[in-house]
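Protein chains: 2
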Amino acid sequence: MKYIVILGSTGSIGTNTLDIVAKFPDQFRVAGLTAGSNVDKLEEQIRTFKPEAVALSDPKAAETLRARCRGQAVRILSGVEGLSDIARLPRADLVISAIVGGAGLVPTLAAIQAGKQVALANKEPMVMAGRLMQEEARKRGVKIFPVDSEHSAIFQSMEGHRREDIQRLILTASGGPLWDMPLEEMRHVKPKQALKHPNWKMGAKITIDSATLMNKGLEVVEARWLFDIPASQIGVIVHRESIIHSLVEYRDGSVMAQLGLPDMRTPISYAMQYPERLPLGQPPLDLAAIGKFTFHRPDHERFPCLGLGYESLKLGGTMPATLNAANEVAVAAYLEERIGFLDIAAVIRGTMDAHQRREVATLEDALDADRWAREKAGELVRARTLHSA
Amino acid sequence: MKYIVILGSTGSIGTNTLDIVAKFPDQFRVAGLTAGSNVDKLEEQIRTFKPEAVALSDPKAAETLRARCRGQAVRILSGVEGLSDIARLPRADLVISAIVGGAGLVPTLAAIQAGKQVALANKEPMVMAGRLMQEEARKRGVKIFPVDSEHSAIFQSMEGHRREDIQRLILTASGGPLWDMPLEEMRHVKPKQALKHPNWKMGAKITIDSATLMNKGLEVVEARWLFDIPASQIGVIVHRESIIHSLVEYRDGSVMAQLGLPDMRTPISYAMQYPERLPLGQPPLDLAAIGKFTFHRPDHERFPCLGLGYESLKLGGTMPATLNAANEVAVAAYLEERIGFLDIAAVIRGTMDAHQRREVATLEDALDADRWAREKAGELVRARTLHSA
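From first to last, the protein sequence lines are chains A and B. Letter by letter, the first sequence follows residues 323 to 711 in my numbering. Letter by letter, the second sequence follows residues 323 to 711 in my numbering.
This is chain A alone, in the form it adopts within the complex (with noise of 0.2 Å):
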């Protein structure tokens, strides 16, 4: 019996993952679980696994959830201290770090330095702070199981082949929405047709990423910490199928790569009960069916996020956070329509120039540049703003 933590259990890699619970009682049991203010979802989540202590972000959700849950066996924390120690619980042998955003690195980095195993579907950690991260894990003979399709497809690729034979780890990329698109059309294109992915069902945040390739550019910085492979030997591909997941290519001209339908709950089970795979019942990969696979080297004119996400990595230090929370702030913007999908990259690339890059030294350097960077780019989504209107 495996004891379970999901930070962000309210969102789709957190649903699923109950989905997996559900599917397989006698392997896991939930331990805690966190979310940001959905207190309905929680709280049916709550009725149904019966977790001993549960957090919300918001104080004001937690009261809320508090009253709704009166005489129910469940302890209610709140705030980032309140994740935390969520994190942390003593009873937890895995802690599924799926908080869409900046906010999951605190507790995070809590879980790892309270020696938890580790699912990682919060690319954010390893963005803003991989150095740091990787470190304290080893510290503490933390293995950290990947979740992002395209990263547990390398684990997967991994597995069972030496670390020393590895030439290059190749990222597909699905191209998202957009890849067709001129790029005079994409300054006009709006949230409604930037979210409609081919493959994946996701949240809007990602969907975004995934249309302006920034997904692929943060996926290159946390394969670079994850796998403790520079930069120049990680490459992408698109892959407009989205069927394979990943590659990972060796010095004697084999490549090991992941296939399989775009289905999060594969990855998510493997992280959760590695070595061994449970049985989902999917159908076969049927490739006859799907009859072909395209390759398309990546287009960088129309899609600048992804060398910029090289980029953070080049410069290091605390260029990748900075690039992460401006992209966060832009594509807040770009989803309330108060800049356009061009101006994305536009913003971050100014926030970037702007930065006085730093080392990482604790988790407050990566901190202090995640908020000076969300205030630049707020800065810079304004005056865009403003010269639009």
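Source of the hints: derived by calculation from the structure; they are not laboratory data.
You can't tell identical chains apart in this list, so a pair holds if it fits in one copy or across any two.
Think about it this way: if two alpha-carbon atoms lie no more than 20 Å apart in a straight line, the pair counts; the simulated EDC-like pairs of lysine to aspartate or glutamate are: (1) 614 - 502; (2) 345 - 487; (3) 324 - 348; (4) 614 - 563.
Following the hints, position chain B against chain A.
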């Protein structure tokens, strides 16, 4: 330093193996070599690689070689006993079994019985006497490393993952040189055309097997015994580009695959130095330049030989040995233009229908079936030759 023996050193796999030995002189030494009757090439290999002993199947060729190598420190043996003695050389750590056709069975079994690790490029031992080979290897703790690109891909896709979680092996097939040819044209296709393989440079026999898809039928039989997986869990998909060399599907929906440019040195060197990978200096796999992968279901009407492979496994016992022998006779007759292309399957079908299946309890049982089937297939070839004359 690993001492190797190559059974079939003058063929395509044999010379590729020696290329690797030449490239990595600190890793490998040649203990012994064998060939059929190619005295010139074997003599050259003796001078370059200085094996302690060699053997030729053909006693007359061995005489010639002895005369030419007078004064050199090399023992020269002959016949099937000579080949088996080379396979058992005390100094040998690894035996590369690369003889084409059924002639490889006896010396390969001799290598296993002498406790040598075996790199198996020769399908026939597993096809003719798979259960026996598997049992002998298990009894002696001998590891058999597949060299066929498909089986090597499956082997590599199983490394690091739990056997219990395997759902299906998926062998890829190029479809061979006649994949797009209508049935009526296939009736009249000349060997010259059938020998034009789109992706791989191989010997004549195996290229015709690729054109009939019998190659894949034999590989299904081989996979069944190499990996101890029932035929019902082995699938075949036509993948014209031959970049994905094969795949393994697991019960969580994950499919692991091995990819690479068509270069036999990759699977050969992996089998030679497992689990280490040798830096072969190949160009990186450029998926964008390749552009696309296509997948098709095999066409059993135009390519009945694949189904015959499955059928032979289902009938079991001596039936796969019968299939294999009849195929060798039919392909030889086709290459000599004594029968037409579509007659190959008809001759095999006729031989299998006439065969009284028995269990393969000993090597003799397999060899008996082989002899019987060659005779029977020969009769059927002659009947067809007369018929068409």
